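> Just need the whole structure built from these sequences, with the hints factored in.
Next come the chains, spelled out residue by residue.
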Amino acid sequence: MSFRVAYVITGSAAEAEDAVQDALVKSWRALGRFRAGEPFRPWLLRIVANEARNRRRSAGRRVRLAHRAANERADDDLDRRPLLDALNELPPDAQAVLVCRYLLGLSEQETAAALDLARGTVKSRTSRALERLREHYE
Amino acid sequence: MSELERALEQLGREVDWPATPAFTLRRARSRRWLIAVALAVVALAIAFAVAPARSAILRFFHLGAVSIERVDTLPAARERPLSSSLGVPIAQADARSLLGTPFRAPAHLKPRLYRSGQSVSALLAAPEPVLLTELRSGLNDQVLVKKLVGTSTDARGVDLGLGAPAVWIAGGEHVYLAPPLPARLAGNTLIWVRAGITYRLEGKALTLDRARALARELG
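Here the protein sequences line up with chains S and F, keeping their order.
Residue numbers 352 to 489, in our numbering, belong to the letters of the first sequence in order.
Residue numbers 31 to 249, in our numbering, belong to the letters of the second sequence in order.
Honestly, I wouldn't trust all of these hints.
To be verified - Here are some of the chain F residues that sit facing chain S, going by a computed Cβ distance under 7 Å:
id, residue
1, Ala-37
2, Gly-42
3, Trp-47
4, Thr-50
Simulated from the structure, these hints should not be mistaken for laboratory data.
Model, not experiment: these values are computed from the prediction.
Quick reminder that beta carbons are idealized off the backbone N, C-alpha and C, glycines included.
Pasting the structure below:
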């Protein structure tokens, strides 16, 4: 899952691989700051996503966050095309939250960690993004 | 959940995500080697970060790539479906590359293979669901998977008749830790090592006799 989150953010499998590698080393060094009893996955996802964002920024690219992988397959899947097109129409912030919540199946807490947002923001942004997607899709 | 949300989830299931890279120990001195070590250390540290477990490890031993520790207090973990421990689908050739040998499954089954970290897994119907996981034992017997066993759990050496060391864990709760997968309560488990590969069979209704028969089918 860490790799997919990094892939969604960087838009490149190679960049995602490097991001996860560096993030794992950082997480190892930061383990002393991991609080016992807290869920581990959001903690790790936050580090991975930060590393991925840093790589995206340093590459100077504005990556469309949503459905890069899905889009590559959509040419031979006409049923999915309208939904992908509608997703494409959304602003990157809205795409990101929908991809994390539904395409990656992350929980609200994990999405908040991956996107560096408050949990309440994830909830409201998801709701608004779904509304906008519905307008484009239906 | 609305129809639109379900459509998005379905889209997620149909996405052909790029394969998650395998971090092997074979590339010594490369960054991947460092990551493999980091993963193993993370695996250990997760358990040690749980104060009750850290303070009360009664005894532990290693078997191939697996560390088994008996503790008087298990860390928080919940039951999850066996499929949550599968990872991403991979081809037989990729499994062979990762393990250094073909993935062994009972001859009459042709299960789909999945990778998570350095482990390759398959879900068998035997007849109840059984998770078969194979890991290449790392350099210096690097621990890649950790099992925390409560005081009420039976963990004992068994003879499979294969000339291979084996441990059977059953009769009580134990926690399975294999980062980056979430910790979960595991079912009855047989672990054995043969020819540099650590094998693990797990099923809620798995009996020792059935596990032993499956192990022999693998050869």
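> Compare the structure with each hint and give your call.
Right, here's what the structure says about each hint:
no., hint, verdict
1, Ala-37, "holds (6 Å)"
2, Gly-42, "holds (3 Å)"
3, Trp-47, "holds (5 Å)"
4, Thr-50, "holds (4 Å)"
In summary, the structure agrees with every hint in the numbered list given earlier.
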